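Listed below are the residues making up each chain.
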Amino acid sequence: MNAVTPRSSAKRIMRSKLVMILAALSLVAAACGGSDETETKAAFVMVAPVGDAGWNFMHDLGRQGAEEATGAETAFVEAIPEGGTEFDNSVQQFIDDGFNVIFATSFGYMDATEKFAADNPDVDFVHISGFKKNDTNFSNAFGRMYQPRYIAGMAAGAETESGIIGYVAAFPIPEVIRGINAFTLGVQATNPDAVVEVVWTSTWFDPGVEGNAAQALLDKGADVLTMHQDSTATGQAATDAGATFLGYHSDMSEQVGNYLTAPVWNWTDYYTSVIESVQNDSFTPEAYWGSMADGVVDIEIPDSSPVAGDMKAIKDAIINGDFDVFDGALFAQDGTQITDNDGKLLVDLADPFGNPIGAVGDEMNDGILLGMGFFVQGVVGSVEG
Amino acid sequence: MSRAELVGLLISVISFGTLLYLAALGELIAEKSGVLNLGVEGTMAMGGVTGFLIGVQSGSAWFALLIAALVGAVFASIHGIVSVVMGADQVVSGLALTILGLGLSAFLGKDYVSSAPGAKFNAINLGPLSDLGVVGETLFSMNGVSWLAIALGIATWFMLSRTRMGLSLRAVGESAATADAAGTPVVLTRMIAVAIGGAMAGMSGGYLTLVLAPGWNEGTTAGRGWIAVALVIFGAWKPGRVLFGALLFGGLIALEPRLQTLGLDVSPILMSMVPYLLTIAVLIVLSIRSRNRPSVAPAAIGLAFRREER
Numbered sequence: 016m017n018a019v020t021p022r023s024s025a026k027r028i029m030r031s032k033l034v035m036i037l038a039a040l041s042l043v044a045a046a047c048g049g050s051d052e053t054e055t056k057a058a059f060v061m062v063a064p065v066g067d068a069g070w071n072f073m074h075d076l077g078r079q080g081a082e083e084a085t086g087a088e089t090a091f092v093e094a095i096p097e098g099g100t101e102f103d104n105s106v107q108q109f110i111d112d113g114f115n116v117i118f119a120t121s122f123g124y125m126d127a128t129e130k131f132a133a134d135n136p137d138v139d140f141v142h143i144s145g146f147k148k149n150d151t152n153f154s155n156a157f158g159r160m161y162q163p164r165y166i167a168g169m170a171a172g173a174e175t176e177s178g179i180i181g182y183v184a185a186f187p188i189p190e191v192i193r194g195i196n197a198f199t200l201g202v203q204a205t206n207p208d209a210v211v212e213v214v215w216t217s218t219w220f221d222p223g224v225e226g227n228a229a230q231a232l233l234d235k236g237a238d239v240l241t242m243h244q245d246s247t248a249t250g251q252a253a254t255d256a257g258a259t260f261l262g263y264h265s266d267m268s269e270q271v272g273n274y275l276t277a278p279v280w281n282w283t284d285y286y287t288s289v290i291e292s293v294q295n296d297s298f299t300p301e302a303y304w305g306s307m308a309d310g311v312v313d314i315e316i317p318d319s320s321p322v323a324g325d326m327k328a329i330k331d332a333i334i335n336g337d338f339d340v341f342d343g344a345l346f347a348q349d350g351t352q353i354t355d356n357d358g359k360l361l362v363d364l365a366d367p368f369g370n371p372i373g374a375v376g377d378e379m380n381d382g383i384l385l386g387m388g389f390f391v392q393g394v395v396g397s398v399e400g
Numbered sequence: 059m060s061r062a063e064l065v066g067l068l069i070s071v072i073s074f075g076t077l078l079y080l081a082a083l084g085e086l087i088a089e090k091s092g093v094l095n096l097g098v099e100g101t102m103a104m105g106g107v108t109g110f111l112i113g114v115q116s117g118s119a120w121f122a123l124l125i126a127a128l129v130g131a132v133f134a135s136i137h138g139i140v141s142v143v144m145g146a147d148q149v150v151s152g153l154a155l156t157i158l159g160l161g162l163s164a165f166l167g168k169d170y171v172s173s174a175p176g177a178k179f180n181a182i183n184l185g186p187l188s189d190l191g192v193v194g195e196t197l198f199s200m201n202g203v204s205w206l207a208i209a210l211g212i213a214t215w216f217m218l219s220r221t222r223m224g225l226s227l228r229a230v231g232e233s234a235a236t237a238d239a240a241g242t243p244v245v246l247t248r249m250i251a252v253a254i255g256g257a258m259a260g261m262s263g264g265y266l267t268l269v270l271a272p273g274w275n276e277g278t279t280a281g282r283g284w285i286a287v288a289l290v291i292f293g294a295w296k297p298g299r300v301l302f303g304a305l306l307f308g309g310l311i312a313l314e315p316r317l318q319t320l321g322l323d324v325s326p327i328l329m330s331m332v333p334y335l336l337t338i339a340v341l342i343v344l345s346i347r348s349r350n351r352p353s354v355a356p357a358a359i360g361l362a363f364r365r366e367e368r
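Sequence lines, in order, name chains E and L. The numbering used here numbers the first residue of the first sequence as 16 and each following residue consecutively. The numbering used here numbers the first residue of the second sequence as 59 and each following residue consecutively.
Please keep in mind that the hints were generated in silico from the structure rather than gathered at the bench. If you're wondering where the values come from, they're calculated on a predicted model, not measured in any experiment. One or more of the hints may lead you astray.
Here are the computed lysine to any residue pairs in the SDA-like style, where the Cα-Cα straight-line distance is at most 20 Å [to be verified]: (1) K178(L) x G257(E); (2) K296(L) x R351(L); (3) K178(L) x A90(E); (4) K147(E) x D103(E); (5) K168(L) x A90(E).
Using the sequences provided together with the hints, build the complete structure.
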């Protein structure tokens with residue numbers, strides 16, 4: 016996911032103003048063209064430029080796909096900072112121009128989107144990666160990225176010879192921690208002795224820092240690297256050192272030499288279904304956490320992997336609902352057993368901010384996954400960040 | 059810490075040190091002539107994007123770095139024209155340059171975002187010297203740009219303290235009116251200093267996108283230009299001390315992930331604050347010292363020169 020911490024800065028504000036003006040002009044032009052008032056129009060607000068091969072790029076691909084599938088008119092604004100008036104201005108502009116559904120694709124847009132939904136009952140809103148909704152016109156949506164992360168871990172476990180897999184990660188929040196845990200469980204499925212070493216960068220995007228973190232892991236002896244970041248710097252460092260790289264967000268084979276595979280986003284189907292529901296007036300607010308079965312998250316199985324067959328089998332099992340990543344007994348980093356073989360909690364759990372998410376006897380559930388604040392056995396590093 | 063980790067750390071220190079030193083040295087030259095240039099971050103971004111693009115197009119890292127330097131010089135000259143020739147406020151002009159550079163670089167590089175890098179620098183082979191243990195292994199892994207940065211540092215020190223040209227430059231930075239009366243071309247001197255400073259900032263940006271990142275995306279400079287501005291103050295406007303500061307600040311960046319791989323729990327957020335805290339500390343020390351001694355900062359810094367206002 017892209018942005019939990021605000022990344023606003025002078026240049027972003029300036030740039031987004033320019034984009035806003037251009038977007039406004041094009042909208043005015045479109046309005047003058049005499050559009051049909053009843054036609055469904057979908058708008059997307061992005062936190063960074065879409066051409067980044069990452070989070071925003073995948074949302075834009077989803078937008079294009081949904082436009083093709085539904086015939087609805089779509090528009091987007093990019094590089095809109097979180098928590099600024101640019102967001103309010105651009106959303107208001109879309110509403111004024113008759114857009115019926117607005118997708119806000121970054122975590123920090125959550126509260127502003129909630130407010131817009133309350134003030135504009137005739138427009139539907141979807142917020143990506145948050146947890147708020149209402150009963151009339153406001154949904155939230157995200158994907159179970161931990162599922163393809165597990166499968167990526169299987170490939171990484173089979174690939175490593177040194178037994179050290181490096182993981183360059185942005186911030187110690189549940190989403191990232193959950194991904195690291197799922198990846199590590201996947202690693203252990205194919206290579207029980209391998210460890211996953213985590214380095215936090217405290218940034219979603221800073222190629223210099225990400226590359227440096229990757230290099231530190233390579234120096235430590237890692238021969239396979241992956242990341243939860245927005246640049247491909249980890250992949251460049253891995254390639255330069257002759258190590259293997261597993262990406263994130265999108266297929267990075269074009270950018271990175273030693274690329275193996277990546278857990279990826281695919282928003283087309285979900286965006287299509289939402290726009291279709293708006294088209295036939297059946298929009299129902301939901302908290303959508305899409306799975307690999309829905310296709311919103313996915314991973315390509317690399318034929319070159321010695322465990323390609325196992326990966327395929329697990330992928331099928333996850334899609335069929337026969338297996339999920341955090342099923343069965345789980346052990347924390349220090350060896351404490353977290354859940355028994357039936358997935359029942361043996362300890363009380365809290366999220367990284369100290370809020371309770373589960374008590375002894377509870378079954379493993381989405382609430383626990385969404386607040387995950389502990390590392391599983393096999394992860395080297397601290398959840399403190 | 060294993061030997062590989064130690065060498066890795068040292069290489070990383072030198073890499074980030076090179077990045078910061080090139081930009082800070084350029085800013086030092088500009089400030090010595092009395093021109094505060096807050097456009098370093100934007101100039102780095104411009105050098106970064108052109109360096110990367112030319113690298114992809116030409117396949118030659120050195121040619122790309124040269125073009126990055128030229129673009130940096132031309133770009134910084136905008137600040138020179140606005141603040142030196144036309145006498146506008148240096149702070150406002152410099153900030154505008156940064157905002158312009160960040161926006162323009164994002165625009166120019168849009169089609170090259172996340173492209174694979176096209177050119178690399180090779181380590182300079184030092185033959186038998188590379189057998190000299192950890193130090194030899196580190197120096198052996200340094201690429202030519204780090205050597206160039208050191209050479210530029212020595213050249214800058216020599217120029218400023220040992221040549222007539224340097225004396226003129228410093229005179230313009232201490233008292234433009236006096237230098238003018240002595241026949242030194244104030245505007246030309248400052249323009250040249252700003253352009254040279256911009257060339258070094260552009261080179262620093264090129265080094266970032268060709269070596270350190272390597273790659274281009276909007277925001278790749280991530281505030282390193284501002285650290286360079288702070289470094290000049292930290293180094294008290296002396297090329298040698300700025301080199302020490304660049305290695306220290308670069309070392310802090312390099313150390314961040316390595317503290318974690320060593321299992322030491324130091325928050326990376328705290329670590330990234332340290333350069334700025336150190337700079338504030340140095341500012342305090344400098345201001346206390348300057349109560350009974352002349353300030354180490356160039357006296358005419360930030361002041362526009364107009365002959366009729368003498």
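Taking the hints in turn, this is what the structure says about them:
1. K178(L) x G257(E): holds, 15 Å
2. K296(L) x R351(L): holds, 17 Å
3. K178(L) x A90(E): violated, 39 Å
4. K147(E) x D103(E): Given that 20 Å is the threshold and the Cα spacing comes to 18 Å, the pair holds.
5. K168(L) x A90(E): With a Cα-Cα distance of about 19 Å, the restraint between K168(L) and A90(E) holds, given a limit of 20 Å.
Hint violations for this structure: number 3 only, all remaining hints satisfied.
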